[in-house]
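Start counting the sequence shown at 1; every next residue gets the next number (this note's numbering).
Honestly, the hints are just simulated from the structure, not real lab data.
Some hints could be false.
Said to hold, decoys possible - Below, in silico cross-link-like pairs of lysine-lysine (DSS-like), each with a Cα-Cα straight-line distance of 30 Å or less:
#1 Lys68 x Lys204
#2 Lys207 x Lys294
#3 Lys239 x Lys275
#4 Lys204 x Lys294
#5 Lys284 x Lys160
#6 Lys39 x Lys203
#7 Lys160 x Lys39
#8 Lys203 x Lys160
#9 Lys204 x Lys284
#10 Lys239 x Lys278
#11 Lys284 x Lys39
#12 Lys278 x Lys294
#13 Lys275 x Lys207
#14 Lys278 x Lys160
#15 Lys294 x Lys275
#16 Lys284 x Lys294
#17 Lys207 x Lys160
#18 Lys39 x Lys204
#19 Lys204 x Lys278
#20 Lys204 x Lys160
#21 Lys39 x Lys278
#22 Lys239 x Lys294
#23 Lys39 x Lys207
#24 Lys284 x Lys239
#25 Lys278 x Lys207
#26 Lys68 x Lys239
#27 Lys294 x Lys203
#28 Lys294 x Lys160
#29 Lys207 x Lys239
#30 Lys275 x Lys160
#31 Lys203 x Lys278
#32 Lys275 x Lys203
As the list claims (entries may be wrong) - Per label pair, the in silico range of CB-to-CB distance:
#33 Gly240 x Lys39: 28 to 36 Å
#34 Arg186 x Glu132: 26 to 34 Å
#35 Arg216 x Ala78: 52 to 60 Å
#36 Gly182 x Ala305: 50 to 58 Å
#37 Ala183 x Glu142: 44 to 52 Å
Virtual Cβ for every residue (Gly too), placed ideally from N, Cα, C.
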Amino acid sequence: MTLRLAYMGTPDFAVPTLAELIAQGHDIAAVYSQPPRPKGRGMALEPTPVARFAAGAGLEVRTPLSLKSPEEQAAFAALDIDAAIVVAYGLLLPRPILDAPRLGCFNLHASLLPRWRGAAPIQRAVMAGDAETGVMVMQMEEGLDTGPVLMAERTAIGRKTAGELTDELSRLGADLMVRALGALERGGVTPVPQGEDGVTYAKKIGKEEARIDWTRSARQIDCHIRGLSPWPGAWTEAKGERLKILHAMPVLDRGSPGEVLTDDLVIGCGEGALKLLKVQRPGKGVMDAREMAKGFALPPGTMFA
Numbered sequence: 001m002t003l004r005l006a007y008m009g010t011p012d013f014a015v016p017t018l019a020e021l022i023a024q025g026h027d028i029a030a031v032y033s034q035p036p037r038p039k040g041r042g043m044a045l046e047p048t049p050v051a052r053f054a055a056g057a058g059l060e061v062r063t064p065l066s067l068k069s070p071e072e073q074a075a076f077a078a079l080d081i082d083a084a085i086v087v088a089y090g091l092l093l094p095r096p097i098l099d100a101p102r103l104g105c106f107n108l109h110a111s112l113l114p115r116w117r118g119a120a121p122i123q124r125a126v127m128a129g130d131a132e133t134g135v136m137v138m139q140m141e142e143g144l145d146t147g148p149v150l151m152a153e154r155t156a157i158g159r160k161t162a163g164e165l166t167d168e169l170s171r172l173g174a175d176l177m178v179r180a181l182g183a184l185e186r187g188g189v190t191p192v193p194q195g196e197d198g199v200t201y202a203k204k205i206g207k208e209e210a211r212i213d214w215t216r217s218a219r220q221i222d223c224h225i226r227g228l229s230p231w232p233g234a235w236t237e238a239k240g241e242r243l244k245i246l247h248a249m250p251v252l253d254r255g256s257p258g259e260v261l262t263d264d265l266v267i268g269c270g271e272g273a274l275k276l277l278k279v280q281r282p283g284k285g286v287m288d289a290r291e292m293a294k295g296f297a298l299p300p301g302t303m304f305a
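Using the sequences and the hints given, assemble the complete structure.
Take a look at the structure:
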């Protein structure tokens, strides 16, 4: 059945769900996204990926700085919608916004709630070494990702990077949201309250937090690198230069933490060792670690800090 919806999202992650809602024939009354931000050398204002996609689809795009004003809340209520769909929007929804749609507001969250509530659930799951993660459709409340869950999809993390996992979960989430809305409209799903056990919070990634601590185990550092790849990129210092490590692999070797052990860039850790695979020097593109070493020698005995 066709529903009249407001869509609220900002990054690339949120585009597939909007595209799928359109493809299923739902009536998108308006799309809300973050305001355009200055970008590039010329600092020209650039719309968000969701705003750009929505405009291309001929949809009305709204980019308020806040939803707290009575004027914005009245404009939202005037849409007269069945539901609001929220995917990585970036603004808190006040109570008048949450109460306006007939069925409510529904968020697509990229974790297995209540684990990893908050801003960076995909990165935190990988960094923590979780075996699996997923996406959940949740009915929104005023609390941070505390609402009851309608449906979920799980996936193994394995050796995926945060970037690879983000792409996968965005596709899974688009299909999940469509199915959840259909079941909700038919009365075929009952939201299940989240449990109180296992609550964790996925705070934003700090730049200094991205620095690699070579005294940790190779497995822990590998999770750290994959969780921050491609952005912001885990980094270390070598020969006075900041070096981003985008991909590495634990190997059976040992040496002092941070020490280059072999010519093919195996680095000692607090336990085990890591072989560097993909790296990036300042101002340069991502490249194979062995290729980089031809122009930026890091012989055995070099220390990373």
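Outcome of the hint check:
1. Lys68 x Lys204: holds (23 Å)
2. Lys207 x Lys294: holds (28 Å)
3. Lys239 x Lys275: Judged against 30 Å, a Cα distance of about 18 Å means the pair holds.
4. Lys204 x Lys294: violated (36 Å)
5. Lys284 x Lys160: holds (24 Å)
6. Lys39 x Lys203: holds (25 Å)
7. Lys160 x Lys39: Holds: Lys160 and Lys39 sit about 29 Å apart, inside 30 Å.
8. Lys203 x Lys160: Holds, at about 20 Å.
9. Lys204 x Lys284: holds (26 Å)
10. Lys239 x Lys278: holds (18 Å)
11. Lys284 x Lys39: Cα-Cα ~19 Å, so holds.
12. Lys278 x Lys294: At roughly 14 Å apart (the allowed maximum being 30 Å), Lys294 and Lys278 satisfy the hint.
13. Lys275 x Lys207: Holds, because 23 Å separates the two Cα atoms, which is no more than 30 Å.
14. Lys278 x Lys160: holds (14 Å)
15. Lys294 x Lys275: holds (16 Å)
16. Lys284 x Lys294: Between Lys284 and Lys294 the Cα gap is close to 15 Å, so the pair holds against 30 Å.
17. Lys207 x Lys160: Holds: Lys207 and Lys160 sit about 21 Å apart, inside 30 Å.
18. Lys39 x Lys204: holds (21 Å)
19. Lys204 x Lys278: holds (24 Å)
20. Lys204 x Lys160: Answer holds: Lys204 to Lys160 is near 20 Å, not above 30 Å.
21. Lys39 x Lys278: Roughly 26 Å separates the two Cα atoms, so the pair holds.
22. Lys239 x Lys294: At roughly 15 Å apart (the allowed maximum being 30 Å), Lys294 and Lys239 satisfy the hint.
23. Lys39 x Lys207: holds (19 Å)
24. Lys284 x Lys239: holds (17 Å)
25. Lys278 x Lys207: holds (20 Å)
26. Lys68 x Lys239: Outside the cut-off at roughly 50 Å; violated.
27. Lys294 x Lys203: This hinted pair is violated, its Cα atoms lying about 38 Å apart.
28. Lys294 x Lys160: Distance ~28 Å between Lys294 and Lys160 Cα, so the pair holds.
29. Lys207 x Lys239: holds (20 Å)
30. Lys275 x Lys160: holds (16 Å)
31. Lys203 x Lys278: holds (26 Å)
32. Lys275 x Lys203: The hint holds at about 29 Å.
33. Gly240 x Lys39: 28 to 36 Å: Holds: the Cβ-Cβ distance is about 30 Å, inside 28 to 36 Å.
34. Arg186 x Glu132: 26 to 34 Å: holds (29 Å)
35. Arg216 x Ala78: 52 to 60 Å: holds (54 Å)
36. Gly182 x Ala305: 50 to 58 Å: For Ala305 against Gly182, whose Cβ atoms are near 54 Å apart, the range 50 to 58 Å holds.
37. Ala183 x Glu142: 44 to 52 Å: Taking Cβ atoms as reference, Ala183 and Glu142 lie about 24 Å apart, which means the hint is violated.
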